[in-house]
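Colleague: Model the full structure from these sequences, guided by the hints.
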Amino acid sequence: MLNNLNRRDIQIMGALFIIVVCLRLYFTLTTAHFAPDAYFQVRMVEHITEYSVPMTQDELFAGGRTMLFSPFFHYLLAILAWIVSLSMVLKIMPQLFIAVLPVIVYIIVRTITERYDAALFGGIMASFIPIIYAELLFSVSPLTLAVPLVFFTLFIFVHIERKLYDFQFVLLIAALSLLHPSAVFLIIGLLGYLVVSYLEGIKLENSEMELILFSTFLFLWIQFLIYKRAFLEHGIINFLQQNMPPEIASGVFGLSFANALISIGILPLILGVFCMYSYLFRIKNKYVYLYVSLCFGVGVLVLLQLVQPAIGFIYLGVSLTILSGIAYAQFLDYLKKTKFIPYERMIIGSIYIMLIVSMLIPSLSYARDAQENTVQPPLYDALLWIRSNTPPESVILAPPEEGYLISSIAERKIVADKMFILVPDARKRVQDIDRMYSTQFPIEAVNLFDKYDINYILFSTAALRRYGITTIAYHNQDCIQQVFAEKDVKVYRSRCQLSVV
Amino acid sequence: MGIACAVFFGLLAWRTLIGNPQMPGIYSYVHLSGFSLSLSLRLILIAVSSATVGLVYRLLALKGSPRYQWFAGLIFIIAPSTIVLSALFSPYGVALLLIALSLNLVHTRLKSIALLPLIGMLWIDWVSLICSMIITGSYMLYVEKKCLLRTAPVFAGLAIAGIIKNLPYALEHAPKSLFLKEIFSDLGGLYGLGLFMSILAVIGIILSWPYKKKLVGAYASILAIVIMSIWSTIGLLYLSPIVTLFAAYALVYFWEREWNLPFIRFLTLAVIIYGILFSGIAVMNTIAEMPPSTEVIESVQWLKNHPFYSDDIVLSHPEKGFWIGYGATSFITYHDPAYNKKLNITQEIFASRDFKKTIQLLESNNISIIWIDSEMKNGQVWTSENEGLLYLFTDPRFLKVYDTNDIEIWRLK
Chain A
1 MLNNLNRRDI QIMGALFIIV VCLRLYFTLT TAHFAPDAYF QVRMVEHITE
51 YSVPMTQDEL FAGGRTMLFS PFFHYLLAIL AWIVSLSMVL KIMPQLFIAV
101 LPVIVYIIVR TITERYDAAL FGGIMASFIP IIYAELLFSV SPLTLAVPLV
151 FFTLFIFVHI ERKLYDFQFV LLIAALSLLH PSAVFLIIGL LGYLVVSYLE
201 GIKLENSEME LILFSTFLFL WIQFLIYKRA FLEHGIINFL QQNMPPEIAS
251 GVFGLSFANA LISIGILPLI LGVFCMYSYL FRIKNKYVYL YVSLCFGVGV
301 LVLLQLVQPA IGFIYLGVSL TILSGIAYAQ FLDYLKKTKF IPYERMIIGS
351 IYIMLIVSML IPSLSYARDA QENTVQPPLY DALLWIRSNT PPESVILAPP
401 EEGYLISSIA ERKIVADKMF ILVPDARKRV QDIDRMYSTQ FPIEAVNLFD
451 KYDINYILFS TAALRRYGIT TIAYHNQDCI QQVFAEKDVK VYRSRCQLSV
501 V
Chain B
1 MGIACAVFFG LLAWRTLIGN PQMPGIYSYV HLSGFSLSLS LRLILIAVSS
51 ATVGLVYRLL ALKGSPRYQW FAGLIFIIAP STIVLSALFS PYGVALLLIA
101 LSLNLVHTRL KSIALLPLIG MLWIDWVSLI CSMIITGSYM LYVEKKCLLR
151 TAPVFAGLAI AGIIKNLPYA LEHAPKSLFL KEIFSDLGGL YGLGLFMSIL
201 AVIGIILSWP YKKKLVGAYA SILAIVIMSI WSTIGLLYLS PIVTLFAAYA
251 LVYFWEREWN LPFIRFLTLA VIIYGILFSG IAVMNTIAEM PPSTEVIESV
301 QWLKNHPFYS DDIVLSHPEK GFWIGYGATS FITYHDPAYN KKLNITQEIF
351 ASRDFKKTIQ LLESNNISII WIDSEMKNGQ VWTSENEGLL YLFTDPRFLK
401 VYDTNDIEIW RLK
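Each protein sequence line maps, in turn, to chains A and B.
With the numbering used here, letter number 339 in the first sequence gets 339, and the count goes up by one each step, no holes.
With the numbering used here, letter number 125 in the second sequence gets 125, and the count goes up by one each step, no holes.
Check the hints yourself; a few may be wrong.
Stated by the list, open to error - Derived lysine-lysine pairs resembling DSSO-like cross-links, with alpha carbons at most 30 Å apart:
id, chain 1, residue 1, chain 2, residue 2
1, A, K228, B, K377
2, B, K212, A, K203
3, A, K428, B, K377
4, B, K181, A, K428
5, B, K413, B, K341
6, A, K451, B, K356
Said to hold, decoys possible - Cβ pair distances, simulated, as ranges:
id, chain 1, residue 1, chain 2, residue 2, range
7, B, N378, A, M209, 47 to 55 Å
8, B, Y391, A, Q440, 28 to 36 Å
9, A, R495, B, I313, 46 to 54 Å
10, A, L261, B, P262, 43 to 51 Å
11, B, P262, A, L255, 41 to 49 Å
Source of the hints: derived by calculation from the structure; they are not laboratory data.
Predicted, not measured: the structure shown is a model, and the values here were computed from it.
Note that beta-carbon positions come from the ideal geometry of N, C-alpha and C, so glycine has one too.
Modeller: Structure (structure tokens):
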């Protein structure tokens, strides 16, 4: 199919890519820092850049812990960082990766519908999926590469009979297996495709069966090699929920319909559901079933709270934009059969206005919010102060949301962050952090400080939001000393010790 | 047979080379009383496992194509349960040998006494007896239905004999974890199945579905043994050979079918074979590093040979009970009829920092020796130096009588 693209296609795809890259780079290059969660990835990339091997033991975690993660993305960025500066790689590369997504959606819709306008519509929609701006703008996430690759692999799967596509498919599956566990959606999509095709009485090609079999076994095997210990320690369900304590999991796995609507966009939801209905009950097209089954698979996993809704919505959003492109083509065909054909331009215009209202505006709004949630100067200054003015072996108390920042920027030990895999006392740690911030009793707090050898307490807007307090209740004790203050961000030093009299 | 011997001897060599020639496993030591830990005992285990492989291979030759025989034989050898039984001293290895012998006898002139070897199950447990009846029954259903009808009274007789003999449900009662974890060896189950082998077996069942009338016994036996395994994971040892057969069926199918993408065929088969091998090697690694160590056995032998302590009751973690029982008298083992009561006492003593109460508990239970290893000190019982009973060891009434290679034996004066 790629060979069949004409000049017009290439111009449209180029334009889509450039628009998305420019928009995303505008946000990232005008922002000094990343989102707090990004600093985990930053630290892993830095480690690979320095030592050429992934970090397996986290020394900056009080009590130590074993790290398990899929390292492909971090290696890729680390290799690029040997050529260009790391800060540029971290800011630019993820945006370039994710900007390929509208191009891939364009190609997929163009292949299925054989229409420019539908492909362009799908491509534009994929350029402005709100959740992608909310989650993948400042996060340096492996998902920026995993999401386009998953959909590109599905495209390759459909056209496997072409020369060298089998080789590309193998490379893509291997890369995805080492990139992010969410690539399991690809396997679910393929297996779902098998089931839906069987139910619809469509005969699958031998090559399709072979690819499904291969990708399932390879993906399972690689995940098992990487995460075997986590499976053993936590069990399958708890592993899927990343061993998150309920206090954190309720926020991360919480699901709201309104949030889903805004995150994905109302237009792709409506058009996507229409397309599903149409292809499941009226028209048979096995290639569309690939995306339908992906939608079902992701939807079920999100509903069962086995996958973070944010990640699920990203995949769901892209699948629905593909289906929307197909639905758009169907709609235009139908329009030609009606008396509304003289108003075609007006109708198309109103659809695009809806697209702007339901997708472009929320995307920009989410991008602004994400920008505001990046690390801001007072907090960044506090972290730099900690790095320069505290002993290297110090343990810093911070809410789990800021754990990555402490270990990455301040380079000091933490009690907990948002990665709980292979942390046996994860819930206890989070509860202890909550108590240390919210308790009114200095003795209780000091007792817990002793437990984790805590020397410094970081109080920032994250603590303010999480605990609804303006300062720690015991800050005026003699043994607690405020050593840094800038706006809402404070650092306290604790010299308190409990002794038996 | 050659490959089987190589795998089983390889495991023995592996464990010996890393400096631990002792018999691995907790339950090995239940059945070891009266045996000395000699090399000949290990060789007998390997001989039993190799004989089982030989009999299974012979059976496959009777009923399958040479390729199927070859694949099924290899998968059976590398199956986690086969490897485990070749290394652990357990009656279940013999049980599988007897079942294989019984199935082989069906194809000989001695058909009428084919079920005779199953009498041996009456000295093991209900799980083994029922599983052996299920396997032989389903095999006879596969070979010749009339044969099954003739053997029904024998099965009834065996069941009655089991009731009269008051067989235990299972000989091994280690505290159970999540069934999902136990069912797959890759997730930590000692007697579990290989993950890839199980996936292949599911595919094998789907592929063999057109022959469902002929294979109904095999499907039913899988279902029955899986249900039994929920109550005792020993059942998984008997499930493994059946799973192996279906896994081999799927593998042969993938091998022989015409692939549109030869490149993908090669890679898929490579991934499947690596996956199966990986499970087997992971189990070999687990067994090679499995306790007890030489130091543990030496400390127990020291107690056994000591002129004053050889008859004393020794307190330790229940997991060490059978090892201690190999040379001395352990206060608690997993097989103890009063296990729960003794577990409470053990936990109370280990956690207590109250000297009077601890002494009272030790004396009232006639415990005079306490056996501790580094595992107990590092999380299994205690997490810090001065926790619970460890704090009380500073009192002069406790005397350390043995301290070698992280194993301490304390005596109450």
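Colleague: Would the hint linking K181 of chain B and K428 of chain A be met if the CA-CA limit is 30 Å?
Modeller: 24 Å, holds
Colleague: When you check the alpha-carbon spacing of K212 of chain B and K203 of chain A, does it fall within 30 Å?
Modeller: 23 Å, holds
Colleague: Has the given pair, K228 of chain A with K377 of chain B, been kept, meaning a C-alpha gap of at most 30 Å?
Modeller: Roughly 26 Å separates the two Cα atoms, so the pair holds.
Colleague: Is the hinted pair K451 of chain A and K356 of chain B satisfied, with a Cα-Cα distance of at most 30 Å?
Modeller: 29 Å, holds
Colleague: Do the beta carbons of R495 of chain A and I313 of chain B sit within 46 to 54 Å of each other?
Modeller: 50 Å, holds
Colleague: Is the hinted range of 28 to 36 Å satisfied by the C-beta distance from Y391 of chain B to Q440 of chain A?
Modeller: Once the Cβ atoms are compared, 32 Å apart, the range 28 to 36 Å for Q440 of chain A and Y391 of chain B holds.
Colleague: Quick check: does the Cβ-Cβ distance between P262 of chain B and L255 of chain A fall within 41 to 49 Å?
Modeller: Because 45 Å falls inside the window, the suggested range holds.
Colleague: Verify the CB-CB distance for N378 of chain B and M209 of chain A against the hinted window 47 to 55 Å.
Modeller: 50 Å, holds
Colleague: CA of K428 of chain A to CA of K377 of chain B, is that 30 Å or under?
Modeller: At roughly 22 Å apart (the allowed maximum being 30 Å), K377 of chain B and K428 of chain A satisfy the hint.
Colleague: Quick one, are K413 of chain B and K341 of chain B close enough, alpha carbons at most 30 Å?
Modeller: 25 Å, holds
Colleague: So does L261 of chain A sit 43 to 51 Å from P262 of chain B, Cβ to Cβ?
Modeller: The hint (43 to 51 Å, Cβ to Cβ) holds, given that L261 of chain A and P262 of chain B are roughly 48 Å apart.
Hint check: no violations occur; every hint is consistent with the structure.
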